[in-house]
Each structure stands twice: as C-alpha cells, then as structure tokens.
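Throw the hints in and build the complete structure from the sequences for me.
Residues per chain, in single letters:
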Amino acid sequence: MKDFFETALLAPLEQLGRQVLAVLPNVLAMAIIVGFGFVAAWGLGQTVERLLRVVRLDDFCNRLGINAALARGGVKSDPSHLVGRTAYWIVIAFAVIAGLGALNLQPINQFAQSFLAYIPHLLTASVILIAGYLLSNFISQGVLITAVNAGLPPARLIAAMSRWGVQLFALAMALEELGIAQSVVVVGFGITFGGIVFASGLAFGLGAKDLAKEYLERTLSNRARERPPDDLRHL
Amino acid sequence: MGSDQRGPSDVQLMKPSVALTPETESRVQAIGEVEILVGIPSYNNADTIGHVVRAVSAGLAKYFPDRRAVLVNSDGGSSDGTPDAVSRAVVDFGALLISDQQSRLQKIITPYHGIPGKGSAFRTIFEIARRLNARACAVVDSDLRSITPEWIELLLRPILDENYDYVAPYYLRHKYDGTITNSIVYPLTRALYGQRVRQPIGGDFGFSGRLTDHYLDQHVWESDVARFGIDIWMTTEAIASGARVCQSFLGAKIHNPKDPASDLAAMLMQVLGAVFALMEEHHSVWSSRQDSTPVKVFGFQYEVGVEPVNVNVERMIAAFQQGLADLAPIWEQVLGREMTAELMPLRTVSSAEFRIPDDLWVRVIYEAALAYHACLMPREHLLKALTPLYLGRTATFVLETQGLTTVEAEGRIEQLCLAYESRKSYLVERWNHKPRT
Chain A
1 MKDFFETALL
11 APLEQLGRQV
21 LAVLPNVLAM
31 AIIVGFGFVA
41 AWGLGQTVER
51 LLRVVRLDDF
61 CNRLGINAAL
71 ARGGVKSDPS
81 HLVGRTAYWI
91 VIAFAVIAGL
101 GALNLQPINQ
111 FAQSFLAYIP
121 HLLTASVILI
131 AGYLLSNFIS
141 QGVLITAVNA
151 GLPPARLIAA
161 MSRWGVQLFA
171 LAMALEELGI
181 AQSVVVVGFG
191 ITFGGIVFAS
201 GLAFGLGAKD
211 LAKEYLERTL
221 SNRARERPPD
231 DLRHL
Chain B
1001 MGSDQRGPSD
1011 VQLMKPSVAL
1021 TPETESRVQA
1031 IGEVEILVGI
1041 PSYNNADTIG
1051 HVVRAVSAGL
1061 AKYFPDRRAV
1071 LVNSDGGSSD
1081 GTPDAVSRAV
1091 VDFGALLISD
1101 QQSRLQKIIT
1111 PYHGIPGKGS
1121 AFRTIFEIAR
1131 RLNARACAVV
1141 DSDLRSITPE
1151 WIELLLRPIL
1161 DENYDYVAPY
1171 YLRHKYDGTI
1181 TNSIVYPLTR
1191 ALYGQRVRQP
1201 IGGDFGFSGR
1211 LTDHYLDQHV
1221 WESDVARFGI
1231 DIWMTTEAIA
1241 SGARVCQSFL
1251 GAKIHNPKDP
1261 ASDLAAMLMQ
1271 VLGAVFALME
1281 EHHSVWSSRQ
1291 DSTPVKVFGF
1301 QYEVGVEPVN
1311 VNVERMIAAF
1321 QQGLADLAPI
1331 WEQVLGREMT
1341 AELMPLRTVS
1351 SAEFRIPDDL
1361 WVRVIYEAAL
1371 AYHACLMPRE
1381 HLLKALTPLY
1391 LGRTATFVLE
1401 TQGLTTVEAE
1411 GRIEQLCLAY
1421 ESRKSYLVER
1431 WNHKPRT
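In order, the protein sequences belong to chains A and B.
Per my numbering, the very first residue in the first sequence carries number 1; after that it's consecutive.
Per my numbering, the very first residue in the second sequence carries number 1001; after that it's consecutive.
Treat the hints with care, since some could be wrong.
Okay, the calculated beta carbon distance ranges per label pair [said to hold, decoys possible]:
#: 1; chain 1: B; residue 1: Ser1351; chain 2: A; residue 2: Arg85; range: 50 to 56 Å
#: 2; chain 1: A; residue 1: Ala71; chain 2: B; residue 2: Cys1375; range: 16 to 22 Å
#: 3; chain 1: A; residue 1: Asp210; chain 2: B; residue 2: Asn1044; range: 51 to 57 Å
#: 4; chain 1: B; residue 1: Ser1284; chain 2: A; residue 2: Ile139; range: 34 to 40 Å
Sample of chain B residues at the chain A side, in silico, Cβ under 10 Å [claimed, not checked]:
#: 5; residue: Thr1148
#: 6; residue: Val1185
#: 7; residue: Ile1201
Simulated from the structure, these hints should not be mistaken for lab results.
Backbone N, C-alpha and C define an ideal beta-carbon position, used for all residues, glycine too.
Listed below in structure tokens is the structure:
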C-alpha cells in the first residue's frame, strides 16, 4: 500500500513539481520581460507622442490633409497620439514575443522567428500604403482643380477615379509585398484596372463621341476650339 | 538705392551673374561702355519685332543722339528667324526728320541661358547692362504694335535727367483689359507697399544701372521669377528696396493677341505665386506701411480709343458656380468655413443678381495669401483653385461697370483699392499667427 502510494501518487507529483521548478525561472523571466516591456512601451509611447507634439507633427499632417482623412475615416485621435500608440503596441508586441521566447518552447520559438522575418515586409507594405494614400490625395486634388478649371462637369467623378486608381494600385503592391494571394492580387488588379480603362474608353467613345471627335480633331490639327466671343485679357 | 554710379573698376570686379556666349562676350568687350541700353526679350516674334527695333532705334536717335546706346535682343531660341528680323530692321531717319544722330545704334543679338522664360531673357540683358556699365536701361516687349519712339524717351528720361531708379509704364487700357491687374495685382501691391503703381506688371520698364545691379544680386533666377513672374518681381523689388519710382504715360498698349483662355489657371498661378512669394520676402517692408501715396506720372496724358473687349459673363459665372459646387472643401481649407459659407448663396443666384462684394473679395485674397504663407496645401493647388473665384469677381466687375465709361470704371477700381487698404490691418495681424486648422 505504501509502495502504491509512493509510486502511483507521489512520484508523478514529484515529477510535476520538478518540471514546474524547471520551468518556473523561465516563466518568471517571461513575466519580468513582459512587465518591463509594458513599462517601456508606456514610456516610449508617451515620449514619442510628446516629442511629435513639440515638432508640430499635427500641423504638418493637417497641411497634407491627413487629419481630414482620419476624421473622414472615423478616427478622432490626432496623428501624434496615433504614432505614440503605434510605438506603444510595437514595443508590447516585441516584449510579448521576447517573453514567450524566454519559455524556450519549440513552437513559440518558431513562431517568433517567422514573425521577426516577416516584419520587414510589414514595414514595406505599410510604407507603400501610406505613400499611396498621400499620393492619391495629392493627385486627386490636382485632377479635381484642373478638371473644374477646364469646365468639365464630371470633375468630382474624374478626381474620385484617380484617387481610387492610385489607392488600388498601392493596395495591390502592398498585398504582393505581404505575399498574400500574390497571383490573385496581380490578376485581380490587372482585370480591374484594365476594365476601368476599357469602360472609360467605351464611355468616352460611345457616350461622348462628338466630344472625342472634336478633341481629337483639335489636338491633331492643332486648331483652336471655337469659343463664344470672349477676348478678355487678364494681365 | 545708392546715389553713386558704378565705376568701371567696380564692374570688372563683379562676379558674372550668368554666362554669356563667346560671341556676345567679344561683342560686349568691343563696345566697351554705353550710357543707355534697351533690351528686347523675344521668342518667335519675327512678325512684330522689326517694328519694335525700328521704334527703339528712332527713339534713341531722336531723343538721345549724343549718348552711346546699345540695343540687346535676348532670344529664347526662336525658330522663325526673329534674330534675323532684329539685325535686318533699319530706320529711314530722313523720313522721320531725324538728322542729328552722332553714331549708329549698336546691336547685340544673343541667346539666353537658364530656365526658358522672360525672366531668364532679362537676366542676360541685365548682365550685359552691368558689363557695359549702362547708366539707364529700358526693356520693351517684342510683340508690341503700338510702341512709338516717344516710349523710349518716356522710359529713359526720368532716369537720366530726374535721377529716378525705376519707371513703370502707364497705359490707357479698356476697362476689361488687364483684369488680374485691376482686381488683384494693382490694389494688392498698392495696399502692401504704399505706392500707387497702376501697371505693376506692364511689361515695359525703365530702370537705372544701380537697380540692375540690385536685380542681378538677388537669388531668384532659378525660381518662377525666371519664367513669367519677372514683371511684378521687378516692380516690387524696386519699391521694396527703396528705389525712386515713377510712371510714364505711354498711351494705348496694343500687342499681339494671345488665346485669352489658353491657360488662365497657369497664368494666375504664376502671377499670384510671385506676388505671394514677394510678400513673404518683404514682410518687414509691407507690414509697417500704411495707406498709399500717388506715384508721379511723366508724359502728356490724352484720351485715346482702345480696342473693344468682348466678355462672356455667363461663362464666367458658370465657372465660378462649378467651382463652388466642386471645390468647396478646398476653399474651406484655404479661406475658412465662414468665408466659403458667405459665397454659398451665389450658387443659385441669377446673372443679374450675381455679385462678389469688394470687402469679401479682399478677404478672399488676404486669406489666400495667408494660406500660401502657412503652406496649408500644395501651393500650386492653392493658387489654381482660386481661378473660379477670380472669374466670379471678374464677372462682378463687368456687371457693375457695364454702362460706365473707362474713367468711371477706374473709379470702381479705386474703391476696391481703398477696400484693400482698409482691410490691411487684418492681414498684418494674422500673418504671424498660427495657421487655421
């Protein structure tokens, strides 16, 4: 009975205790790393946010139309706060991965390595998306102003198409960078973009064939458009 | 401006602002020194430049026969034989009853280097003027059809005999000719710098050798000034640098017609961009000046028939209303929500009732200048987005002055100028404040 008690009950408990004791330093290390990570994340987030407020990032973003775009997207925070929070979560993510790595478990180590290898792609894709967004705003604003000054009635439609075209292109590039359904993205983008161009060509050719004819005649023969009498000299 | 003329040694020591071709260099050295230089920038003006050269030659022979003079044609690579037309142009002095001419007019025909545009052509003319130690210079457009020999005297005499540094032209123009000048550039320049130069972007100017040096020493020759902002830049620099400025009455200005709507937005962008950029540079000058003073006008003033100008008001109002419909978010960013809201009722009014009042227009221009200063958006976009607003204001001016004579219409422009001056404190106050967010 005593043997049974020792071998069947105490031995497994003893082994479990030894295993727990063996893992306990790692768990403690994980807790310290994660805890320290949270503190560092909070500190870095606050510092970054305050620093960006000092260098007036919010004013700069306002000039670029980023604040308005964020507001349109339902984001009420200003860019300084957003960047600060991003820094906070990046540090948290690293701290958690480092903490899990301290457990020294094979699957978690593999995940951490894969995640770290993927970070450059994530950063590149983010840069592509941000640059694409800013470029699309700039281009669509320029297109809108030019179209209005040219007296084209569908000015806003043309500007919106240019905006979505650039954003679609940036999204396709970002997804390709991330390796998400690469072939589907490239083919999908090709079909969509080609379709838009084809549809625009058809719409212009069929719906506005007189305008197209006049435009081509004017361009090719370098003839001035007939205008109602107006010889205002502005300068 | 200093009062002393440059000495030959000073000229030798000065570093060249722009390189001249070897042929031009040797021609300049051969000529040595002159008292008068007249410059003509050109690009494909073969059909009109001959008349301009003859008028200049006759003017110099008739009014300055005993002074050494040179004519400089700075050409932008014309393909229609413009330089040949300049070299071929001769005057029959006998027919003009001019007998007292001591020497033949020297000519320098040279291409210019740098960014294509009138500014780069002027830079080469200024450089040659400096090398030749010219005491008085004038520049005239190469597409002028109404230039007479008297223009040359009127542009140069105030500099040579009255010690002025800058002579701006004073033309008789149709009330609807020069609407950017009338609604923006003249009133704004007058309100800012306190001098009533009626045609600050006239295109034909006289200036002293001292002012030439000042122009060449400015670092603007790679900017838009080198393209088409040169006229307003020259006038503003002259006033802001403290040069003695006057005007000369030249009669009517008739020049080759350009397609009026070829690219109004680009034209407005260049002119307004130059004015706003100069506001940034000369803030210390204009922020302390109040009111304005008349600028002396030389020459015998007379009434003259001017070419009629056809105006399509409906088209301008339609352009404004489309701008209001499509560009409202951009205007809100530039002008603010309140001012854009003030414009909103104009979206539906009939042509007869359409008006942009003086005070609102002045605030629009001042807010645009502030937005440009604060870089609230890409500057090219900001300036081009003002085109429908400008057309709306022009339509207002046409509607208000339809039954008025040119002199009476000038009274309306005077009212607008006073509105600019009375609102200037608003601009000064807001210039250094934090931009609107």
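Exercise. For which of the previously enumerated hints does the structure constitute a violation, in increasing order of number?
Worked result: 3 and 5
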